[in-house]
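2 protein chains.
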Amino acid sequence: MGEFDLIKRFFTRPTPRAVLGVGDDCALLQAAPGMQMAISTDMLVSGRHFFDDVDPRALGHKALAVNLSDLAACGASPVAFTLALALPEADAAWLAPFSQGLLALADLHGCELIGGDTTQGPLNICITVFGEVPQGQALLRSGAQPADEVYVSGTLGDAGLALAHLLRDRARLVGGRADAPESVATATLLPLSADDLAQARLRLEWPTPRVALGTALRGIASAAADISDGLLGDLGHILERSGVGASLDTTAALALLGRQRYWATTQALLASEALRQTVLQHVLGGGDDYELVFTAPISQRAGVQAAAVASNTPVTRIGQIDALPGLRLLNAQGERLDYHFQSFDHFAAKV
Amino acid sequence: MGEFDLIKRFFTRPTPRAVLGVGDDCALLQAAPGMQMAISTDMLVSGRHFFDDVDPRALGHKALAVNLSDLAACGASPVAFTLALALPEADAAWLAPFSQGLLALADLHGCELIGGDTTQGPLNICITVFGEVPQGQALLRSGAQPADEVYVSGTLGDAGLALAHLLRDRARLVGGRADAPESVATATLLPLSADDLAQARLRLEWPTPRVALGTALRGIASAAADISDGLLGDLGHILERSGVGASLDTTAALALLGRQRYWATTQALLASEALRQTVLQHVLGGGDDYELVFTAPISQRAGVQAAAVASNTPVTRIGQIDALPGLRLLNAQGERLDYHFQSFDHFAAKV
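In order, the protein sequence lines correspond to chains R and H.
So for the first sequence, numbering that gives the first Met the number 0 puts the first residue at 0; every next one is plus one.
So for the second sequence, numbering that gives the first Met the number 0 puts the first residue at 0; every next one is plus one.
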């Protein structure tokens, strides 16, 4: 199967929104009047962003999901994407499920595959995604103001926890991942039942980009980022770009991990101070969750709530923005904690 | 050197045209009124698209050049690009010249680096480029009409010839390249002096995207493509998408190789019928030249000439479009030749 056959068979679809789709030297897009185009690109490498024996359907899903998550963080609506793919061989048994996972998520978001490139080489997936957002309404990392409140969507830590368990189970580290804080790999692992691991693994391998929440937050959130590298790192980008600091309520943060499946377990674990720190490390440092962290003025509490309801996405308030640079972790009484995480060090070194 | 330091040090530049450049979840572009956005993506893999010991400055240049060439083929003006980069290690001694080669060409075309991704992995460069073209004026592969004439810019064959010599000199085939017709690797090699090889190698490693010609051909050319896979293959895309055929004047095509440095040599070689075929194979099948092949109505001969002059780009008329599908090679007397090339077979199997 040659390059052109491969493209025709697996990746050529109707593109009603694009002026011109796959098959020419370029694709053509026409922005609607008053809209800006949001653009993001992500490259996924075998052995670093995914295990080489990962379900290709999940990989197709995730490759697009991580890009849609960047659009969500900007409040942009997905429009189209390009796919560049290096493959060791043109294997239909791999390409069929990969393209199905990819295109099912694309269809869900009305995001058209408009072009790409395929070549022989070590497995590498590079997607560039295009979204649209009304002029001046994009959510930026740079808009956080002192006294704004800090929110996180969904739950955090499951993906990193699943990865840590999978890595341990394989008894080899696959070289770690450039985007994951080392803390994930080296942390004491929370115990997980087989069922819980299966659920956590779904978060790792089938992330849900928070596109509906992102667009609902236009005009409400003051700043936003998606959580791909861990909450501390990604909130850190907001703080750095906005020139501010933040205080986080660790009790609220702890509940982000427990809220869904692990609540009962977590309640028991939290009695131990050492385990509290371990849980917190997973919540604050675990990557790959693809939730949104965002800030909004106190006056927008109702707006944030309405956006959460409209997008059917849970949202938790976990802290506030300070004029003082740096990131402070507080207990429920507002007292500063002296927890010291590797990802926190990394962040602290930057602001 | 971490990912963020690397981006800051080598790849963060001012982006006066973009609404938002490197450093947020997405970049933001605003199309000028009445403009469409042309988008293309190319992935370059070590050992397949370039030798692993290639000059990193040349590689940076070529990685963007092949993308700008796609914009040129659509008649689009470069605006911006994203860069996704997998690197075995964050090596400043490699990254500095790579980024210099890349950004020098970007500056030459006013094409802004607006975002990207870096990760550890086998060397892989994926660029997605954005250009703008007035609504409805993009040059497409699908517009060729019977009786239109076929043109090629610049010269053809040097890049493929240099590659074939380099491959032979290395006495190993590096696995061939997915994008190159096998004919290049297996053809009888034309003899090249060391000086001529150095010149031909410049064409292989430092291709010149024909951006000025592409934009000058708006409203004049009926169809266009860039020549990355060889003339026969890329003209074949035009024929297939336009539902037409073509006849090529092989004498005019032969002169495409000889016009610059090899003219004297070529004149001597052409006395031999076997060598004529070898030269023709290089001209028709050699990839990596990044010239444009385009068609235009006879009534636009003066327009084509004016575009060539305005863009300071030589252009040669080498044939015409026929209603009859397929590609015919003719001698100077208009008689059909029975040359049989591998890349021609590949093409013939497609239309």
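No lab work stands behind these hints: they were computed from the structure.
Since we're looking at a predicted model, the values are computed, not measured.
Beta carbons are placed, not taken as given, at the ideal position from N, Cα and C, and that holds for glycine.
Where hints are given, some of them may not hold.
Claimed, not checked - If you want the footprint, here are the derived chain H segments under chain R, 3+ residues with CB under 8 Å:
1) 12–25
2) 96–103
Stated by the list, open to error - Derived Cβ-Cβ restraints for the label pairs, each shown as a range:
3) R:R12 x H:G242: 35 to 43 Å
4) H:R169 x R:G135: 39 to 47 Å
5) R:V18 x H:L107: 23 to 31 Å
6) R:Q136 x H:R167: 29 to 37 Å
7) R:G135 x H:A95: 34 to 42 Å
8) H:R327 x R:Q136: 54 to 62 Å
9) R:D52 x H:G242: 40 to 48 Å
10) H:P15 x R:R16: 42 to 50 Å
11) R:R16 x H:S141: 57 to 65 Å
12) H:E334 x R:V18: 38 to 46 Å
13) H:V18 x R:R12: 24 to 32 Å
Claimed, not checked - Heads up, incomplete: computed chain H residues facing chain R, CB under 8 Å, no partners named:
14) I38
15) A83
16) T118
17) R240
Taking the hints in turn, this is what the structure says about them:
1. Counting residues of the region 12–25 of chain H whose beta carbon lies closer than 8 Å to any beta carbon of chain R gives 6, which reaches the threshold of three, so the coverage claim holds.
2. Counting residues of the region 96–103 of chain H whose CB lies closer than 8 Å to any CB of chain R gives 0, so the stated coverage by that chain is violated, three being the minimum.
3. Our hint of 35 to 43 Å for R12 of chain R and G242 of chain H is violated, since their Cβ atoms are close to 21 Å apart.
4. For the hinted restraint 39 to 47 Å between R169 of chain H and G135 of chain R, the CB-CB distance of approximately 55 Å leaves it violated.
5. Separation of V18 of chain R from L107 of chain H is about 28 Å and conforms to the stated range, judged on CB atoms against 23 to 31 Å.
6. Between Q136 of chain R and R167 of chain H the Cβ separation comes to about 58 Å, which falls outside the hinted range of 29 to 37 Å.
7. The hinted range of 34 to 42 Å is satisfied by G135 of chain R and A95 of chain H, whose Cβ atoms lie roughly 37 Å apart.
8. For R327 of chain H and Q136 of chain R, the hinted distance range of 54 to 62 Å is satisfied, since their beta carbons lie about 56 Å from each other.
9. Taking 40 to 48 Å as the suggested C-beta distance range, the pair D52 of chain R and G242 of chain H conforms, at roughly 44 Å.
10. Restraint check, P15 of chain H to R16 of chain R: a C-beta distance of roughly 29 Å breaks the suggested window 42 to 50 Å.
11. The hinted range of 57 to 65 Å is not satisfied by R16 of chain R and S141 of chain H, whose Cβ atoms lie roughly 19 Å apart.
12. For E334 of chain H and V18 of chain R, the hinted distance range of 38 to 46 Å is satisfied, since their beta carbons lie about 43 Å from each other.
13. Distance hint check for V18 of chain H and R12 of chain R: the Cβ-Cβ separation is about 29 Å, which falls inside the suggested range of 24 to 32 Å.
14. The interface hint given for I38 of chain H holds, since its Cβ lies 5 Å from the closest Cβ of chain R, which is under the 8 Å cut-off.
15. At a threshold of 8 Å, the smallest CB-CB gap from A83 of chain H to chain R is about 4 Å, leaving the interface hint in force.
16. A hinted interface residue such as T118 of chain H counts as satisfied when its beta carbon comes closer than 8 Å to some beta carbon of chain R; here the least separation is about 5 Å, so the hint holds.
17. With a least beta-carbon distance of about 7 Å to chain R, the hint placing R240 of chain H at the interface is held under the 8 Å criterion.
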